[in-house]
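Colleague: For chain A, the structure is supplied; the task is to place chain B on it using the hints.
Here are the chains, one letter per residue:
Protein chains: 2
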Amino acid sequence: MKNDNNIPYKIYLSEDEMPRQWYNVRADMKNKPAPLLNPGTGAPLKAEELTPIFCEELVKQELDDNTAYFDIPEEILRYYKTYRPSPLVRAYLLEEALGTPAKIYYKFEGNNTSGSHKLNSALAQAYYAKQQGLKGVTTETGAGQWGTALSMACSFFGLDCKVYMVKVSYEQKPFRREVMRTYGASVTPSPSMETEVGRRILAEFPGTTGSLGCAISEAVEAATTHEGYRYVLGSVLNQVLLHQSVIGLEAKAALDKYGVKPDIIIGCAGGGSNLGGLISPFMGEKLRGEADYRIIAVEPASCPSFTRGKFAYDFCDTGKVCPLAKMYTLGSGFIPAPNHAGGLRYHGMSSILSQLYHDGYMEATSVVQTDVFEAAEQFARVEGILPAPESSHAIRAAIDEALKCKETGEEKTILFGLTGTGYFDMFAYEKFHNGEMSDYVPTDEELAASFATLPNIEG
Amino acid sequence: MKNDNNIPYKIYLSEDEMPRQWYNVRADMKNKPAPLLNPGTGAPLKAEELTPIFCEELVKQELDDNTAYFDIPEEILRYYKTYRPSPLVRAYLLEEALGTPAKIYYKFEGNNTSGSHKLNSALAQAYYAKQQGLKGVTTETGAGQWGTALSMACSFFGLDCKVYMVKVSYEQKPFRREVMRTYGASVTPSPSMETEVGRRILAEFPGTTGSLGCAISEAVEAATTHEGYRYVLGSVLNQVLLHQSVIGLEAKAALDKYGVKPDIIIGCAGGGSNLGGLISPFMGEKLRGEADYRIIAVEPASCPSFTRGKFAYDFCDTGKVCPLAKMYTLGSGFIPAPNHAGGLRYHGMSSILSQLYHDGYMEATSVVQTDVFEAAEQFARVEGILPAPESSHAIRAAIDEALKCKETGEEKTILFGLTGTGYFDMFAYEKFHNGEMSDYVPTDEELAASFATLPNIEG
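So the protein lines, in turn, are chains A and B. Under our numbering, residues 1 to 459 are what the first sequence spells out, in order. Under our numbering, residues 1 to 459 are what the second sequence spells out, in order.
Hints are computed from structural coordinates only; laboratory data are not their basis. There may be inaccurate statements among the hints.
Identical copies look the same in the list; a pair holds intra-copy or inter-copy alike.
Said to hold, decoys possible - Okay, derived cross-link-like pairs now, SDA-like style, lysine to any residue, Cα gap no bigger than 20 Å in a straight line:
#1 K10 <-> A253
#2 K81 <-> Q378
#3 K130 <-> A97
#4 K81 <-> N111
#5 K10 <-> N111
#6 K431 <-> G184
#7 K431 <-> P174
#8 K81 <-> L13
Excised from the complex, chain A in its bound form (with noise of 0.2 Å):
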């Protein structure tokens, strides 16, 4: 049975050595990510535009790239305390069944009950909205996650919750509802007949699924309408990678306390939030070339916005109603096929992860489904954890990395990012077992069509 150097099986730092500040990778980067232009003008947005929408504290994280660092509140951090430190996971179980000497450790997100590290960030945005005196924030979600997250962050701060679902993630997750009304937050399929934006949508494409893109764009009419209410996103924004630093933080800090130093970072890429957290401090040595590592993004082949998309400014959202940002985006038309499960169905990226992409700080990669949910079955049945679909990307690229080491010999070091659990994702194992589960990946000509809603602007 390996154990090596008595690394245990999970590394838990205690509640003193929790990080207490975030780290912002913008201030070590040389090329800053583009600024987000306002949709009318072509102008860089300026904070006093993005405050109707966002918390103004949220605005001023968003467009700091300098600050190194920001502490977090106390009362983020007491909240912190009811699911962090997350374990730090050395996968010996998963070595020993592969048989490789590569040494694999994982950052387990999934042990509070919004499944995944989207709580991070919730807790950030509901308090900084509590502290703004606000009624309540909207948002949008996806797999799920972020509206749990969200929901649970607003019940603790007493804040009035308003999501709206991904129209196929409702109907394949109806428990996922449960869990956010159970928290109090009201969940509204998307797109739905509430908003404008909504009534728009359905018109011109009266049997769609839904999309993130659209979802985001009913929330943030929802909240524009509504006195006292503010837009809350869970992914791709400056603010969110900011958030979620504390995984990366918390790993660094687990690692260095055994001397344990990273070979290969692997993270699941939707819209960057798990990955831009977990790899932030690494790539802070790396960008002040204080350290090298290889950091992969891994995502969907159905969703493929790194390795097949366009780095431009291209609209957030499909109703187009949200600023402009330039990263690698597949067009704001884009929706996955419906055989795509789980979450990472986001047409565009971050624009820091697409910043430090096209710079060569980090390499892409991109998966098909059923080789993703092989990789999440066999990492169950010898790990135990039920990975979700979305951090089984990353289990399956960290798989084959370990795998090549077993073909040539090397010790390498991986940590990857398992960002939570698939308990609400049943209906698409089930698909899986069922033998029912496609690869379907977009054709170029599907893409061409998608690019051609890209706007034309220069950055």
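Modeller: Only chain B this time, still in chain A's reference frame:
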């Protein structure tokens, strides 16, 4: 913000501090639990009569009333480390929400894929089955936690796993089935046409939604009619309480570390696996006269074996193929009304706990369903964790005791067992949210009819 004596929100023991032995509370009982009887002869069962049903090592544990400690094999400890030590949580947030001077702690067993404490015994039972060279095991499951736990354990040790799932749970929890399939188990709704006893029960009660007692009969028949299989059970048995002692031993070690002594210990009670495990080391002290604790069993008013049952020899299963046990029981023909959600639906109660209750070492109380779900939701909204309906019985009682402290001003220390999460119970939560949940309690006439199924045996 409350934070006593630097006691963290979550107390995690290190892997080095994990218990290396299970504790057998029978060793300290003056009045031992009554022996199992042969249903044919009415004589106490010998080991050789049990080994066709159970694994040999487990039979030894079952029948040993005198050995106080059993070593936990290294292979079991290893898998314990994938989810243990489990956190002992100080419920600062709940205390604050209640405005109580009470100090509330809970031992949280839900951070594993089975969603409950059941894995503690599943790993042990699967290990001994593997050691004996068996092909596989059969079992029943109600709410599905035990079946999931056993599926995981069998997957770890490479055993075949056949689960008979109470039909009402099978229908209300389709996703549980997929979790079990993910770990490679086969799942059959019970009663089924696969077994003699299932066919007999279906013929007699065509519309039955099933019961644990009936699923047990089917699983036992399947084990004894297939070469290389044995039956395993997730509750009630002495061996299960032995394995579950790890909960109490860890909880006590964590409390001792901070010099905390509970005044009241609360656990939900169905067959007694969690309650028996949680209280064991505390009960040991009480039995030896070294300390005193108030110990409370909380059961559903819809299945009230302690509070309205008889202390008598009874069949452990509806099909009457199993040994007879002396216990608090509602009669083996008892089936909870269909309104009853979740587990805690067994007609009887662990012989160990029954004897302790009979001898005055613990109290019992029953609670109605909507009160339980109210407590569950209140707890979720402040502590974050979404509790299982079963666990929420203990939450209800803990909140009630804390509110009594608020009235009297007493600073009592309350420890309760939070056995698991409710992710697969959203159907029940939905009924609660929609006001469709009832508090049906069996009438005296219904219980009298059920008591009529008791065998006429002095014990």
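Colleague: Which constraints among the numbered hints does this structure fail? Numbers only, ascending.
Modeller: The structure breaks none of the hints.
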